[in-house]
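Put together the whole structure using the sequences plus the hints.
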Amino acid sequence: MRKGIVFTMDAVYALYISFLIMSTLIIVLEANTNYSDDSLALARLSRDVYEVKKYDQVMKLPNFVLNGSDCDGKSYIGSAIVFGYNDTANDANWQSKSNVTTKSEKVCLNG
Amino acid sequence: MKGQLFTADVLASLLIVTVIVAYTTWELEQVYNRASDTEYEKLNALANDIAQMAVKNILANRSGGVIRANWIEPGRWSLLSGNMSEMILPPYGYEANITVSPASLAPQKISSSTGCDNTKANIAVARRIIYMRGATGEFPTLTIKVCV
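Keeping their order, the protein sequence lines are chains Z and G. For the first sequence, numbering that gives the first Met the number 0 assigns the number 0 to the initial residue and increments by one for each residue that follows. For the second sequence, numbering that gives the first Met the number 0 assigns the number 0 to the initial residue and increments by one for each residue that follows.
Honestly, the hints are just simulated from the structure, not real lab data. This structure is a prediction, so every number in the text was calculated from the model and none was measured. Worth double-checking, as some hints may not be accurate.
[Stated by the list, open to error] Below 20 Å or equal to it, Euclidean Cα-Cα: the simulated PhoX-like pairs (lysine-lysine) are:
| # | chain 1 | residue 1 | chain 2 | residue 2 |
| --- | --- | --- | --- | --- |
| 1 | Z | K102 | Z | K52 |
| 2 | Z | K105 | Z | K52 |
| 3 | Z | K53 | G | K55 |
| 4 | G | K55 | Z | K52 |
| 5 | Z | K59 | Z | K105 |
[Unchecked claim] Pair by pair, the computed Cβ-Cβ distance ranges are:
| # | chain 1 | residue 1 | chain 2 | residue 2 | range |
| --- | --- | --- | --- | --- | --- |
| 6 | Z | S103 | G | E40 | 25 to 35 Å |
| 7 | Z | D55 | G | K108 | 37 to 47 Å |
| 8 | Z | V99 | G | V30 | 31 to 41 Å |
| 9 | G | I66 | Z | Y84 | 45 to 55 Å |
| 10 | Z | S22 | G | R61 | 34 to 44 Å |
| 11 | Z | Q56 | G | T23 | 58 to 68 Å |
| 12 | Z | I80 | G | A120 | 35 to 45 Å |
| 13 | Z | V99 | G | G133 | 27 to 37 Å |
| 14 | Z | S103 | G | I66 | 19 to 29 Å |
| 15 | Z | V99 | G | G114 | 40 to 50 Å |
C-beta atoms are modelled at their ideal positions from N, C-alpha and C, and glycine is treated no differently.
Laid out in C-alpha cells, this is it:
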C-alpha cells in the first residue's frame, strides 16, 4: 500500500469507514428517542375519550382527534385499555374472570 | 505519488480535515437545536402534566366524594388560575382556555402577564377532551399553553 509521511491509504480508508459508521449510529439513536412524549399525550387522549363517552354518548369528538377504525393506517395511535369490575355478577363466581370487563379506546390525531 | 503542489497524502489528509471541520460545524448546530428541543420537551411535559391535573382533579366535578374525571366544573376555574400562577413563574408564560359550544359556557381565558403569543420562542400546547354540563355538538376542549 502506498505510504506517505503520516498516513497510509489504508489508514485513510479506515478512518473514513469508521466515520460513516459513527454518523449512521448517531442518526439512528437520535431517531429512536423522539416520540415518547407524543405517545403519552395520545394515551391520555384515549383515556379522555373513554371518560367523556361515559357522560354523553351522543356528542361528537373534536375535529383534531379521530377515534376507532378512523385511525386505521395512521402512524401514531394512542390506546387505553380500561378494566372494570362487574359486581352485579353472581357472587359464587367471584373467582371467575367473567366479573372483569375490559374496554379499549383507540385515538389518533387528525391530519 | 507527487504532483506539482500536493502529494496524495496531503490531499487525503486535507479531505479528512475538511470532513472533521464540516462534521464539527454540523454537530455544533445540532447541539444548538437540541438545546431548543430539550427546552420544548420540558415545556411539553409541563403543559401535559398541568392538563392532566386539571382534567383529573383541579377542575373535575365532585359528587358524593367521588371525583368525576374529565367532567369540568366552570366554578372551579379560578383554582386552575391560582395553581398555574404558582407553578409557572417568569420568564415562563402560560395560557389556558376552554373551547365549547355554546361559547357562553366558556370561562374567561387564563393568561400570565406575558401570555403565549406567536412572538415567544418556544410554545408547547396540550389539548384535552372534556365534558361540561350544557355543552352541545362536540365535546369541549381544554387547551393549556406553556411558553418561554
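**Message:** Check whether the Cα positions of K59 (chain Z) and K105 (chain Z) lie no farther apart than 20 Å.
**Reply:** holds (15 Å)
**Proposed proximity, K55 (chain G) with K53 (chain Z) (alpha carbon, max 20 Å)** = Given pair K53 (chain Z), K55 (chain G) holds - Cα atoms ~15 Å apart, limit 20 Å.
**Message:** For a C-alpha distance cap of 20 Å, please report whether K55 (chain G) and K52 (chain Z) respect it.
**Reply:** holds (15 Å)
**Request:** May I ask you to test the hint 45 to 55 Å on the CB atoms belonging to I66 (chain G) and Y84 (chain Z)?
**Result:** Because 18 Å falls outside the window, the suggested range is violated.
**Prompt:** Between V99 (chain Z) and G133 (chain G), is the Cβ distance one that fits in 27 to 37 Å?
**Reply:** With a Cβ separation near 35 Å, V99 (chain Z) and G133 (chain G) satisfy 27 to 37 Å, so the hint holds.
**Prompt:** Between Q56 (chain Z) and T23 (chain G), does the C-beta distance stay in 58 to 68 Å?
**Reply:** holds (59 Å)
**Request:** With 31 to 41 Å as the target window, see if V99 (chain Z) and V30 (chain G) comply at their CB atoms.
**Result:** violated (50 Å)
**Prompt:** For the pair S22 (chain Z) and R61 (chain G), does the Cβ-Cβ distance stay inside 34 to 44 Å?
**Reply:** violated (56 Å)
**Message:** Given the hint of 25 to 35 Å, is the C-beta distance from S103 (chain Z) to E40 (chain G) inside that range or not?
**Reply:** holds (28 Å)
**Request:** Could you see if the CB distance from D55 (chain Z) to K108 (chain G) stays within 37 to 47 Å?
**Result:** violated (24 Å)
**Request:** Take the C-beta atom of S103 (chain Z) and the C-beta atom of I66 (chain G), compute their distance, and say whether it sits inside 19 to 29 Å.
**Result:** holds (23 Å)
**Request:** Assess, step by step, whether the Cα of K102 (chain Z) is no farther than 20 Å from the Cα of K52 (chain Z), and give holds or violated.
**Result:** holds (12 Å)
Violated hints, in rising order: 7, 8, 9 and 10; the structure is consistent with all others.
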